[in-house]
Amino acid sequence: MPEQENVLEVKHLCQYFTTGRGRKRMTVKAVDDVSFTVRRAETFGLVGESGCGKTTTGRTIIRLYDPTSGEVRFCGREISGPMTPQTRRYLTDNIAMIFQDPIESLNPRMTIEEIIGEGLRTRGIKDKAEIHRRVLQMLAKVGMTEEHATRYPHEFSGGQRQRVGIARAMIVNPQLIIADEPVSALDVSIQAQVINLLNDLKAEMGLTILFIAHNLSVVKYFSDRIGVMYYGKMMEIARSEDLYAKPLHPYTRALLSAIPEPNPLTERKRRRIDYVPERDHDYSVEKPSMVEVEPEHFVYCSPSELAACKAMLRG
Amino acid sequence: MALHDNDTILRVQDLSVSFRAYGGMVRAVRGVSFDLRRGETVAIVGESGSGKSVSTKAIMGILPANAVIEGGSVLYDGMDLTRLGEEEMNRIRGRRIGLVFQDPMSALNPIMKVGHQITEVLRKRMNKHDAKARALALMEAVGIPDAPRRFNQYPFQFSGGMRQRIVIAIALAGDPEILICDEPTTALDVTVQAKILDLINQIKEERHLSVIFITHDLGVVAHMADRVNVMYAGRIVETGTAEEIFFEPAHPYTWALLSSVPDLQTHERLMSIPGTPPNMIYPPRGDAFAARNQYALRIDFEQEPPYFSLSDTHRAATWLLHPKAPKVEMPEILRERIKRMKEEAAHA
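Quick note, the sequences are listed as chains A and B, same order.
Note that the numbering used here has the first sequence beginning at 1, numbered continuously upward.
Note that the numbering used here has the second sequence beginning at 316, numbered continuously upward.
FYI, nobody ran anything at the bench for these hints, they're computed from the structure.
Source: prediction; values computed, not measured.
Treat each hint with caution, since some may be false.
[Said to hold, decoys possible] As a list, the in silico SDA-like pairs of lysine to any residue whose alpha-carbon atoms are at most 20 angstroms apart:
| # | chain 1 | residue 1 | chain 2 | residue 2 |
| --- | --- | --- | --- | --- |
| 1 | B | K510 | A | R272 |
| 2 | B | K657 | A | C14 |
| 3 | B | K657 | B | L579 |
| 4 | A | K202 | A | S257 |
| 5 | A | K269 | B | L514 |
| 6 | B | K510 | A | R268 |
| 7 | B | K510 | A | R270 |
| 8 | A | K141 | B | R584 |
| 9 | A | K233 | A | T84 |
| 10 | A | K128 | A | I103 |
| 11 | A | K246 | B | F562 |
| 12 | B | K510 | A | C14 |
| 13 | B | K447 | B | I426 |
| 14 | A | K269 | B | K428 |
| 15 | B | K519 | A | R268 |
| 16 | A | K269 | B | R655 |
| 17 | A | K269 | B | H582 |
| 18 | A | K269 | B | L579 |
| 19 | B | K657 | A | L201 |
| 20 | A | K269 | B | F562 |
| 21 | B | K510 | A | R271 |
| 22 | A | K246 | B | K519 |
| 23 | A | K269 | B | I384 |
| 24 | A | K269 | B | D578 |
| 25 | B | K372 | B | I384 |
[As the list claims (entries may be wrong)] For each label pair, taking beta carbons as the anchor points, the in silico distance ranges come out as:
| # | chain 1 | residue 1 | chain 2 | residue 2 | range |
| --- | --- | --- | --- | --- | --- |
| 26 | A | A311 | B | E658 | 43 to 49 angstroms |
| 27 | A | R279 | B | P589 | 45 to 51 angstroms |
| 28 | B | H582 | A | P108 | 35 to 41 angstroms |
| 29 | B | H582 | A | N107 | 35 to 41 angstroms |
| 30 | B | N516 | A | C14 | 38 to 44 angstroms |
| 31 | A | S157 | B | H523 | 40 to 46 angstroms |
| 32 | A | R40 | B | E583 | 21 to 27 angstroms |
| 33 | A | A140 | B | E455 | 58 to 64 angstroms |
| 34 | A | M312 | B | E521 | 33 to 39 angstroms |
| 35 | A | L64 | B | H582 | 32 to 38 angstroms |
| 36 | A | N107 | B | F616 | 45 to 51 angstroms |
| 37 | A | Q137 | B | F616 | 33 to 39 angstroms |
| 38 | A | T27 | B | Q472 | 17 to 23 angstroms |
For every residue, glycine included, the Cβ atom is placed at its ideal position computed from N, Cα and C.
Could you build all of it, start to finish, from the sequences and the hints given here?
Written out as structure tokens, the structure is:
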């Protein structure tokens, strides 16, 4: 496998939130020692259930939160350190975000043209004709027309709003897009439209995407590699084919077994696997760590579990 | 108005519901008919706005004030539920027909202990002590550990999955024979969803319930349903057994629905349905799906298709099934997928 350029490197990222003071002080380890890399022009999927820290990871990378510890590098440059105006500028020029709820993430008092063009205006482009031209160009790219530009978000359906969200993220020509559950608020027939659009844009513009979602079938379909998170920790990272064909971590297996598939014959016989950390792991003696079991396939496990994983791959 | 065949417990006939809105009447449900047989699960599947929730709200008599039942009937136990008064309906709602809502947080009263909410239905019939004993038994039955302590807690102290278990316990408290589940797992994580679905199947067996299950998730339909009704723009466009709908779909909308979701083996481009559902204040002439249908015939834009029977249990409302219609095959991607699903089932 040739060495590919890493666009994003996340190393031992921790994001803790604290509440209360004194004896009531509590720390929530939303993201706990998470490491992964995203290569150029690939889609990296982050999956997990609600509260597993996948959204927090995305938001910490784009510095909506200040990380507790750890390191995030974008094209080799550190972006997790102190926030200088230069770093912020570098960050916002190169990373854009698509949010889950298209109605809450669009300002209801701005027209579509203002929303999409805002990124250009904040970057100091004053030429209105230039902004107008690029907005129309972007609208065409996401499958909307010129007449949509003067309308307001409430005049659109969910799928169209999400297209606006995508156009807004893309207009600054970012190198990396963080898409946080971009299709989960949409109806299935509209979901397919948006997924196809993202796929087309990815192919056309060579985008790198960090795709955050809870729907494993969608993530599997859309991503090249997938990271599975559970309670703030990364459990397994693998190419999406491998993750599905040979899931190694018991949580990944439980997650895969829980997805109902549109096949009544297999569904009726489906046996689900439960994941109970206390039962499935004994970490009292050996401490677990992230290890590469086979090329491109990382699992969070202890030495004895590693041996078991390797045996499973051979068998 | 007795039901002729003993097996059918609930019969919805030609039900039409509209909403008074600013621009006119929104035709949310337009002539829906289906039967629910004893001990079976009927799924109603469709996108938001297709009228699946409104149909069940009409059955339960809990439509909002601006809704009008324009026609049709809901036959249950010799009565037409659409014509019952509030008092008579109260005797059926909760006691004979239970309802599980989508969002367990808004279905529960946040300032009332869950035990109190479960026993609410029971206290008219029994004393406080018996009611509590029964509520605790129900909580155990729906898999809530440490029931005596949980009995005195408030909804916010429960996780999403546990809250939905409470809602199910409340629905079961009146000992109903029909359970209507309106997207019961949409707000939950997949692993929790799996447990709730298994729980619903388990109590269905134990209590010989008949279930109407509303969802937009085809995987969930495959897991739960004996028979499936596919709804679009207020109409059932295709109805059949789960096998018929998943392996021999006949309506272009069902084709599109099935091939627009990726499963774990999908690699090819997803088939998306262009456009959006029609505005039901002005229902389009002819077939409501025609404008988004790549297989639409000229007649689709002029006349609403009737139901064509494919088997005793399988019917679809599309002109493509008319003897004079051109022969149209389902899309390649779907045929491939069905072939793969059958192979998988043979292996399993």
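Here is how each hint holds up against the structure:
1. K510(B) / R272(A): Status holds; Cα separation ~9 angstroms.
2. K657(B) / C14(A): Measuring from Cα to Cα gives roughly 45 angstroms; hence the hint is violated.
3. K657(B) / L579(B): OK: K657(B) and L579(B) at ~15 angstroms, within 20 angstroms.
4. K202(A) / S257(A): violated (30 angstroms)
5. K269(A) / L514(B): Judged against 20 angstroms, a Cα distance of about 15 angstroms means the pair holds.
6. K510(B) / R268(A): Within the cut-off at roughly 14 angstroms; holds.
7. K510(B) / R270(A): Status holds; Cα separation ~12 angstroms.
8. K141(A) / R584(B): holds (18 angstroms)
9. K233(A) / T84(A): violated (29 angstroms)
10. K128(A) / I103(A): This hinted pair is violated, its Cα atoms lying about 26 angstroms apart.
11. K246(A) / F562(B): Not satisfied, since the Cα-Cα distance of roughly 28 angstroms exceeds 20 angstroms.
12. K510(B) / C14(A): violated (31 angstroms)
13. K447(B) / I426(B): holds (19 angstroms)
14. K269(A) / K428(B): With a Cα-Cα distance of about 38 angstroms, the restraint between K269(A) and K428(B) is violated, given a limit of 20 angstroms.
15. K519(B) / R268(A): Given that 20 angstroms is the threshold and the Cα spacing comes to 15 angstroms, the pair holds.
16. K269(A) / R655(B): Given pair K269(A), R655(B) holds - Cα atoms ~17 angstroms apart, limit 20 angstroms.
17. K269(A) / H582(B): This hinted pair is violated, its Cα atoms lying about 25 angstroms apart.
18. K269(A) / L579(B): holds (17 angstroms)
19. K657(B) / L201(A): violated (34 angstroms)
20. K269(A) / F562(B): holds (17 angstroms)
21. K510(B) / R271(A): holds (11 angstroms)
22. K246(A) / K519(B): violated (34 angstroms)
23. K269(A) / I384(B): violated (40 angstroms)
24. K269(A) / D578(B): Holds, at about 18 angstroms.
25. K372(B) / I384(B): holds (11 angstroms)
26. A311(A) / E658(B): 43 to 49 angstroms: Check failed, 29 angstroms falls outside 43 to 49 angstroms.
27. R279(A) / P589(B): 45 to 51 angstroms: Taking Cβ atoms as reference, R279(A) and P589(B) lie about 49 angstroms apart, which means the hint holds.
28. H582(B) / P108(A): 35 to 41 angstroms: holds (39 angstroms)
29. H582(B) / N107(A): 35 to 41 angstroms: For H582(B) and N107(A) the Cβ distance comes to about 38 angstroms; the hint holds.
30. N516(B) / C14(A): 38 to 44 angstroms: holds (41 angstroms)
31. S157(A) / H523(B): 40 to 46 angstroms: holds (42 angstroms)
32. R40(A) / E583(B): 21 to 27 angstroms: holds (25 angstroms)
33. A140(A) / E455(B): 58 to 64 angstroms: holds (60 angstroms)
34. M312(A) / E521(B): 33 to 39 angstroms: holds (37 angstroms)
35. L64(A) / H582(B): 32 to 38 angstroms: holds (34 angstroms)
36. N107(A) / F616(B): 45 to 51 angstroms: violated (39 angstroms)
37. Q137(A) / F616(B): 33 to 39 angstroms: The hinted range 33 to 39 angstroms holds for Q137(A) and F616(B), with Cβ atoms some 35 angstroms apart.
38. T27(A) / Q472(B): 17 to 23 angstroms: holds (21 angstroms)
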